[in-house]
Amino acid sequence: MPPRADTVTAQTPVALTHEPALVMGPPAETGVILIEDWGYTGLCARRSMRLLAERLAAAGYPVLRFDLPGMGASLRNPEEIDGLEQAATALDEAAEALSAAHACNRFIFSGLGLGALLALDRVARQPQSAAALILMAPPVSGRSWLRENQLNAAMIAERTGVSTPPVPGIAFHVAGIAMPEGLAGAIRSRRMTAQDIPASLPVLVMPRPGRTAEEDFASDLATTHAKATRLDFAGYDAMVTDPTLSQAPLDDLAGLALWLEQVLPAEPPARAAAPASPAILTAASFTEETVMLGRYGQMAGTWCKPVSQPETAGPVVLAFSAGGTPRTGWAHGMRDMARALAARGIASLRVDASDIGDSVAAPEGLYPVHYSAPQMQDVTDALDWLSARGYSQVIATGACSGAYLALRGAVADTRIKAAVCVNLQRLLWDRREDIADLLHFGHDDAAGYAGKLLDPDKLRKLFSGGVPVLRLLKYMAGRALQKAEEKTAPWAMGLTPSSRLQRQIAADLALVSGRDQTIDLIYSPNDPGLPYLEQALGPNGAKAASLPGVSVTFLETADHNLTPPAARAVWLAHLLKAAQPS
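The sequence shown begins at 1 in the UniProt record's numbering and counts up one residue at a time.
Wrong hints could be hidden among the right ones.
Simulated pairs of lysine-lysine, DSBU-like, Cα-Cα distance not exceeding 30 Å [claimed, not checked]:
{"hint": "1", "residue 1": "K577", "residue 2": "K543"}
{"hint": "2", "residue 1": "K417", "residue 2": "K483"}
{"hint": "3", "residue 1": "K417", "residue 2": "K577"}
{"hint": "4", "residue 1": "K417", "residue 2": "K543"}
{"hint": "5", "residue 1": "K487", "residue 2": "K543"}
Pair by pair, the computed Cβ-Cβ distance ranges are [what the hints assert, rightly or not]:
{"hint": "6", "residue 1": "D434", "residue 2": "A566", "range": "30 to 38 Å"}
{"hint": "7", "residue 1": "G514", "residue 2": "E534", "range": "18 to 26 Å"}
{"hint": "8", "residue 1": "S387", "residue 2": "P265", "range": "41 to 49 Å"}
{"hint": "9", "residue 1": "G514", "residue 2": "R431", "range": "24 to 32 Å"}
{"hint": "10", "residue 1": "S144", "residue 2": "P306", "range": "43 to 51 Å"}
{"hint": "11", "residue 1": "R432", "residue 2": "Q309", "range": "40 to 48 Å"}
{"hint": "12", "residue 1": "R500", "residue 2": "P265", "range": "52 to 60 Å"}
{"hint": "13", "residue 1": "T282", "residue 2": "T223", "range": "48 to 56 Å"}
{"hint": "14", "residue 1": "Q309", "residue 2": "P165", "range": "49 to 57 Å"}
These aren't lab readings, by the way, just hints derived from the structure by calculation.
Yeah, the Cβ is synthetic: ideal placement off N, Cα and C, and Gly gets one too.
Put together the whole structure using the sequences plus the hints.
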C-alpha cells in the first residue's frame, strides 16, 4: 500500500501559451521540470509522475509538470502536432514559468520516454540553464520507440475489440490517440548517444531491465561520463499496464529522489518569486482554467466555460474521471466533450478525485480510492465549488467508477438534477467485495483466466509469477459463491446481504425518481456492468420504464472505455438533452 501523507502538498496551476501546468514545492535556486511520455504511456504514468513531484517537493525542490502539446488539456489536438518543435517550445515556456513562479535560475530536466528525448534536446539547446538530467526509460532509438507504441496500439485494440481504420496523415492510433506522420517522422530519425550529454552534467539514466539498447546506453554513459549514474527502472512495466491498474514504482521514485538530494541538494532562491495569476487558456469557443478545490485544496479540476458566458448561471456539467484515468479521459474523450459543451453554451468542471491523476491524496483517503466512502466527500466538495459560483443545476456524469460517483452523488445531494452514467459497474457498492482484487482480477485480461485455463499463454503467465495464483483462485471462488447468493436476492425477502443490497438500490432509484431528478444509464455491448443492471432493473433494464426520470440506453458498437468517436457522440447528446429546460 502506498504511503499516505498526513498533510496535503499544495499545487499551483500555471498556464503556458497552449498548455496547462501544475507547480508544487517551495521556491528554490534550482527547479525540476518533469516531462511526461506521449499518449497511452503518459496516461498510465500520470499518477506516478505526480507522486514523484510530491516526493521531490517534500525534499525542497519546486517541481513543474505540464501537458505535452496535443496531450492532456493542451489547446492543440494530437493531429496538429507535426514535429518536436511544439514540444520544445512548450518546454522552454515551462522553464520560464517555473523561473517566474518559484525564482529558479537553473533546472533539472527529468523526462519519461519521449519526455527523456525532449529533456536531452533542451540540454543541448541551452546547456547553461541545466543543472542535471534524468532520463527515465530513454528512447535510445526513435524507431524502436515508435514500434513499441505500435505494438501497444495492437494489444489495446485486441483487448478492447476496437481498432481504428487508417487515416491520412496519421501513422497510428493508441487508445484513440493519434500519432501524426510528422511527429512520427521526427521521432523515427532520432537516436540517443552518450556523446549527446555534456560530460560535466550530472545525469541519472534509468533503463528498463531487459531492454538491451537502454542498458547499453546506460553502460556507455557510465564509462564516458564521471557524473553519470545508472538506476534500473524495475517498476516500469507495472506502471504502464493500464491507467487503473497502474502500480506506482515507489522504490524507483525514491531512488531517483535520493540521487538528486545527494548530487544537487535543494538551495533557497536568490530572488523573490512572482505572484501567482489565474491559469487560464483561451480558444475560439471556450476558456479553460486549471483550478484546485476540495476540503484540503487537494483536487485538481479543469473549469471549461463558453467564451461568451451568460450573466445568469444555467445548467453545468460535473464530470468525474473513470478508474485511474485522468480527467482528460480515455482518448481525450472528457476533454473534447467539455469543449463541445462550451461551444453550445454549457460550462463544465471535470475533476480528478483525490489520489487520481493530478489530485493528491486526502489524509483520510483509502487505497485503492475507487468506490470508497471518502470519495463521496470529493463529490460534495465539487458541488460546493460550483454552488459558490452560482451554479445550482448540476448534471453529474462519468464512466465506470466516475459513473458511480455521479449516481451516488444524485442519491445523496439534490443539487444534482441529472446523472448521466456510462458503463456503471455497480449501482451500490457491496462492502463484501475487495476493490483491490476486483481491479486486479475483474479486468479484461485477468478475468479471462477463468475461462481460458487451457490457453498455453495464460497458463505460462500464471505459473511464471505474472499472476498471483492463490489470490486469483480465492477471488474466483469468492465471486462464484457471491454470484450464487445474488441469484437468490429476489426471493430472499431481505434476509441475505444481496437481497438487502437490491432493496436499497430499488429504494434509491425510487427516491431520485420521486424527487424529479433524472438518471440516464448508458451501456456498451457486453459491458461487465450489465449483470448488475439486470439485478436492479431486470433484463435490458425493462423496469426503468416504471420509474419516471430513469432511462437505459444501449450503444450499438463500443468498448467499455468508449474508444469509438461515435459512442462518445452519444454520450455528448445525452448531456445536451439533460441540459435542456424540462
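Right, here's what the structure says about each hint:
For the suggested pair K577 and K543, the alpha carbons sit about 22 Å apart, so the restraint of at most 30 Å is met. At roughly 33 Å between alpha-carbon atoms, K417 and K483 are farther apart than 30 Å, so this suggested pair is violated. In summary, the hint linking K417 to K577 is supported, as the alpha carbons are separated by about 13 Å, within the 30 Å threshold. Restraint check for K417 and K543: satisfied, since their Cα atoms lie roughly 21 Å apart, inside the 30 Å limit.
Of the supplied pair hints, the one linking K487 and K543 holds, its CA atoms being roughly 17 Å apart against a limit of 30 Å. A C-beta distance of roughly 36 Å is found between D434 and A566, which places it inside the suggested range of 30 to 38 Å. Distance hint check for G514 and E534: the Cβ-Cβ separation is about 23 Å, which falls inside the suggested range of 18 to 26 Å. About 45 Å separates the C-beta atoms of S387 and P265, a value consistent with the hinted range of 41 to 49 Å.
Look at G514 against R431: about 26 Å separates their beta carbons, and that is inside 24 to 32 Å. Roughly 44 Å separates the CB atoms of S144 and P306, a value that falls within the hinted 43 to 51 Å. Here the CB-CB span from R432 to Q309 is close to 47 Å, well matched to the stated 40 to 48 Å. Roughly 58 Å separates the CB atoms of R500 and P265, a value that falls within the hinted 52 to 60 Å.
Between T282 and T223 the beta carbons are some 50 Å apart, a value that agrees with the proposed interval 48 to 56 Å. The hinted range of 49 to 57 Å is not satisfied by Q309 and P165, whose Cβ atoms lie roughly 38 Å apart.
Of the numbered hints listed earlier, those contradicted by the structure are 2, 14.
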